[in-house]
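Work out the full structure: start from the sequences and follow the hints.
With our numbering, the residue at position 99 of the sequence shown is 114, and numbering never jumps.
Treat the hints loosely; a few may be bogus.
Taking lysine-lysine and the DSS-like style, the derived pairs with C-alpha atoms no more than 25 Å apart in a straight line are [as the list claims (entries may be wrong)]:
no. : residue 1 : residue 2
1   : K130      : K115
2   : K306      : K278
3   : K191      : K130
4   : K310      : K343
5   : K335      : K278
6   : K274      : K306
By construction, these hints were calculated from the structure, which means they are not laboratory data.
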Amino acid sequence: MPRIIRKLSLVSLFLVGLSGFISPAVAQQYPFVEGSFDDVLKIAQTRNQRILVDVYTVWCGPCKRLISEVFGSQEMHSISDQFVAWRIDAETPEGMVFAKQYNVQRYPTSLFLTKDGTEETRIVGFRELPGYMAEVRRWLAGQATPAATQPSAVASKPTNPEDGFILAYRSAFAGKPNVEAELRAIMAQDLNNERQIRAWAMLAIAEWVELRHGNNPNAAEKTLREILRAYPESQQAIYAVPILAEALAMQGKTKEGQKLLEKQLQQRPGDGRLVGALLVFCASTEDVDIKRCTKTSQNALKSHSESAPLWEALATVQQKAGQIDAAKASLERAVTLRPGNVWYSQRLEQLVGPPANDRLF
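As structure tokens, this is what we get:
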């Protein structure tokens with residue numbers, strides 16, 4: 016069995032930095048700033064403005080409502096120049112660190128910060144536009160409601176499938192026992208996937224119950240293939256693909272996993288998530304056809320030439336393939352696109368080496 020070099024969720028890895036590809040259309044319309052939280056702090060300092068952070072997850076229904084009904088409103092757009100707005104997926108590596116730092120446990124959570132990152136208040140969960148706008152205006156006026164008095168979003172005993180899924184997903188992520196029964200009960204409340212909760216619950220079972228905590232890639236493969244069969248055009252199907260590729264690799268079917276990703280990318284050449292998924296798979300999995308992966312990814316990047324995270328991921332694959340000069344060029348591209356990103360600059364420096372006058376001869 017080939018060794019899989021990973022500890023974090025493959026989905027989490029390939030989503031990091033790709034918010035421009037995974038956010039709903041309205042999220043792209045709203046002027047969220049891009050980059051890391053350090054980048055956000057620098058922008059806020061330069062503009063002398065407060066910071067509003069939307070902490071979300073890709074499977075969270077209320078998160079999507081917040082984007083479409085609140086951030087998509089004319090009211091929010093009309094005051095967007097009065098603060099710095101940023102989004103972070105709580106299940107990406109950076110998002111996990113950020114959520115822990117600010118003790119975010121429920122989604123969505125809106126954090127209202129000073130320009131130096133100090134929390135002034137927060138809204139936990141979805142809130143209708145009038146109430147959300149009222150809090151934003153109080154915050155901008157320096158009269159924010161104390162966070163301790165804000166209502167909680169998800170009750171300990173949920174009354175709808177969406178909230179039930181959020182709680183069950185957390186349990187699955189943490190590896191708690193008996194969570195599969197909870198998830199299957201939630202699936203039964205959405206038999207036709209009209210609310211998309213059924214497919215998300217299936218994905219949670221496959222990734223966290225069967226694959227990561229259960230170490231049963233065969234069972235995960237069956238569940239993931241069922242998602243692809245039953246809901247081929249859904250968002251969940253897209254997220255199922257890289258997890259299925261990982262499950263195949265864990266069973267010694269690495270070439271099949273790579274071909275699956277390449278086939279999906281061929282069918283959806285404009286989907287940056289799949290480009291990232293292929294790059295992460297090739298970088299973190301042994302026994303891949305690394306040359307073919309490099310060539311396929313380079314061709315796909317022609318449609319995503321402005322994505323610094325994808326250039327950085329390509330550099331990792333090129334470095335694994337021994338293509339050091341190509342890796343340097345890719346990292347240089349990433350640094351050019353995100354000149355303030357310390358991680359990209361450090362990676363490039365590691366490849367290039369220190370300046371000549373700093374080297375030891």
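Consistency of the hints with the structure:
no.: 1; hint: K130 / K115; verdict: 20 Å, holds
no.: 2; hint: K306 / K278; verdict: 16 Å, holds
no.: 3; hint: K191 / K130; verdict: 38 Å, violated
no.: 4; hint: K310 / K343; verdict: 16 Å, holds
no.: 5; hint: K335 / K278; verdict: 22 Å, holds
no.: 6; hint: K274 / K306; verdict: 13 Å, holds
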